[in-house]
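Enquirer: Chain by chain, the residues run as shown.
2 protein chains.
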Amino acid sequence: MPGPAPSRRNERSRRAILTVALDLLTETGYSDLTVEAIAARAGVGKQTIYRWWRGKGAVILDALVDAAGDIALPDTGDLGADLRAVVRGTVAEFADPRLSATTRALTIETLADDELADQVRDRLLRPQLDAVRLRLRAGQRAGQVRGDVDLDQVIELLFGPVYHRWLLRTGPLTDAYADGVVELAMAAIAP
Amino acid sequence: MPGPAPSRRNERSRRAILTVALDLLTETGYSDLTVEAIAARAGVGKQTIYRWWRGKGAVILDALVDAAGDIALPDTGDLGADLRAVVRGTVAEFADPRLSATTRALTIETLADDELADQVRDRLLRPQLDAVRLRLRAGQRAGQVRGDVDLDQVIELLFGPVYHRWLLRTGPLTDAYADGVVELAMAAIAP
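Protein chains in written order, with the UniProt record's numbering: chain A, 1 to 191; chain B, 1 to 191.
These aren't lab readings, by the way, just hints derived from the structure by calculation.
In this text the structure is predicted, and so the values were computed from the model without any measurement.
Among the clues, some could well be false.
Said to hold, decoys possible - Partial chain B-side listing against chain A, Cβ under 7 Å, derived:
hint, residue
1, T107
2, I108
3, L111
4, R121
5, L157
6, P161
7, Y163
8, H164
9, G180
10, A188
What the hints assert, rightly or not - Covered, in the sense of this in silico footprint (three residues per stretch, anywhere, with C-beta under 8 Å from a C-beta of chain B), are these stretches of chain A:
hint, stretch
11, 141 to 152
12, 156 to 167
13, 182 to 190
Heads up, the beta-carbon is just placed ideally off N, CA and C, and yes, glycines get one too.
Work out the full structure, taking the sequences as your base and the hints as a guide.
Expert: Structure (C-alpha cells):
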C-alpha cells in the first residue's frame with residue numbers, strides 16, 4: 001500500500017514545524033529561538049525548514065497567521081462597544097511582555113527586510129484591519145459613521161496611537177487607555 | 001600661551017564629530033555609516049568616539065538633537081492650519097527616502113536597545129511633541145479644543161496614524177493624507 005502522497009506528508013511536516021515554532025516561541029522568546037531548535041524538536045532537518053522559509057521570521061509569521069485563523073469582529077449593534085473590545089485586545093497584546101517581545105522582534109526584521117514587511121502586512125495584519133473595516137462599514141450603513149470619512153484613515157486612527165505609544169513607550173497600555181482611543185475616534189467619525 | 005581649556009577642545013571635537021556624522025549620513029546613508037569613517041573624517045581616533053558615545057546610533061541621535069535646535073510651533077490663531085503644517089512636515093520626512101532610511105535604522109536600534117529608546121524619546125521626540133502640546137493647550141484656552149480631552153492622546157492621534165502608515169506601508173504619504181489626519185483629529189477634539 002503506498003504511503004501518503006508527498007504533498008500530504010509535506011503538509012504534516014509543515015504543520016508540525018509551525019506548532020513547534022509557536023511552542024518554542026512561548027518557552028524561550030523570539031530572540032533565543034533558532035531554526036536549529038525548531039528543526040530538532042519537529043524531527044526534520046534544518047534544510048527542510050530553509051527549503052520552505054527564508055528564516056525564523058518567515059516561520060513565525062506563518063505560525064502566527066495560522067494561529068490567527070478566521071477573524072471577524074462582533075457586531076452587537078453598538079459600534080463603540082465593538083471597537084473598544086478590539087482595541088482593548090490589541091492594547092493587551094502590546095502590554096503582554098512575551099507577545100510584545102515577539103512583535104518587537106518581528107518589527108525589527110520587517111524594518112530591515114521589505115519582502116517580509118509586505119508579507120506581515122498582507123498576511124497577518126491586513127485580515128485584522130479588513131475585519132475592522134467591515135465593522136466600520138456596517139456602522140456607516142447604520143448611520144453611526146459619517147459617510148465622507150476614509151475608513152482606512154479611521155483604522156489608522158484606532159491603531160496608530162497604540163503603535164505610537166508602544167514604540168515610544170510614552171504611556172501606560174491599559175483598558176482605560178484603549179477606551180480613550182476609541183472615544184476620540186468615535187468623536188472624529190460621528191455624523 | 002596656554003591652549004584652550006580641555007573642555008573647550010572637547011566641545012570643538014564633539015561638534016566636529018557631530019557635523020561629520022550628519023554629512024556622512026547624507027552621503028552614504030545610515031546602514032553604510034561606520035564609527036571608523038566618522039573618526040577618520042573628523043580627524044580623531046575611534047576611541048575618542050567610543051569614549052563619548054556607545055555606538056553610531058548614539059552619535060546620530062546627538063547629531064539629530066543638535067540639528068533640531070529650538071522647536072516651536074507657529075500660532076497663527078488657526079489651530080487646524082498650524083497642525084496641518086506640522087503634520088505635513090512629519091509626513092514629508094517619512095516620505096523622504098534618505099530621512100526615512102535614517103528613521104528606520106534608528107527605530108531598529110531603539111527596538112533592540114531600551115536605553116537608546118529612552119534617549120530618542122526624551123531628547124529627540126519629546127521636545128517636538130511638547131511643542132505640539134503647547135499649541136494644543138493654547139487652542140484649548142481659545143475654546144477650539146474640548147476641555148476634557150487628554151492632550152497626550154491627541155498628540156498620538158496626530159502622529160500615531162503617520163507612524164502606522166509608514167511602518168506598515170499601507171498607503172501614500174502625501175500632503176493630502178496629512179490634511180486628512182488633521183481633519184479627523186480636529187473633529188475628534190472639537191468642543
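Enquirer: What are the numbers of the hints the structure violates, in ascending order?
Expert: none
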